[in-house]
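Peer 1: Sequence:
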Amino acid sequence: MDLVPYNIYLFFIGIFLWFAVGYMWKDKAIMVVHVGAFISLFVGYLNA
Numbered sequence: 120m121d122l123v124p125y126n127i128y129l130f131f132i133g134i135f136l137w138f139a140v141g142y143m144w145k146d147k148a149i150m151v152v153h154v155g156a157f158i159s160l161f162v163g164y165l166n167a
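For what it's worth, my numbering labels the leading residue of the sequence shown as 120, then goes sequentially.
Quick caveat, the hints were computed from the structure, so don't treat them as lab data. Some clues are possibly wrong.
Stated by the list, open to error - In silico SDA-like cross-links for lysine to any residue, where the CA-CA straight-line distance does not exceed 25 Å:
| id | residue 1 | residue 2 |
| --- | --- | --- |
| 1 | 147 | 134 |
| 2 | 147 | 132 |
| 3 | 145 | 158 |
| 4 | 145 | 134 |
| 5 | 145 | 159 |
| 6 | 145 | 163 |
Turn these sequences into a full structure, and let the hints guide you.
Peer 2: What follows is the structure, given as structure tokens:
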């Protein structure tokens, strides 16, 4: 089972959805954590 591209796409979707939850709840901590996760995942994806 080669799920490598799909797990990355699902992780991006999860990060976006949790960021949206943080925005709706006005919770800056959730938004900051998920922006950091997005940046690290995106940079890792570009370097792979």
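Peer 1: Now tell me, hint by hint, if it's right for this structure.
Peer 2: Hints, one by one, checked against the model:
1. 147 x 134: 14 Å, holds
2. 147 x 132: Within the cut-off at roughly 19 Å; holds.
3. 145 x 158: 21 Å, holds
4. 145 x 134: Holds. Residue 145 to residue 134 sits at ~16 Å (cutoff 25 Å).
5. 145 x 159: 23 Å, holds
6. 145 x 163: 28 Å, violated
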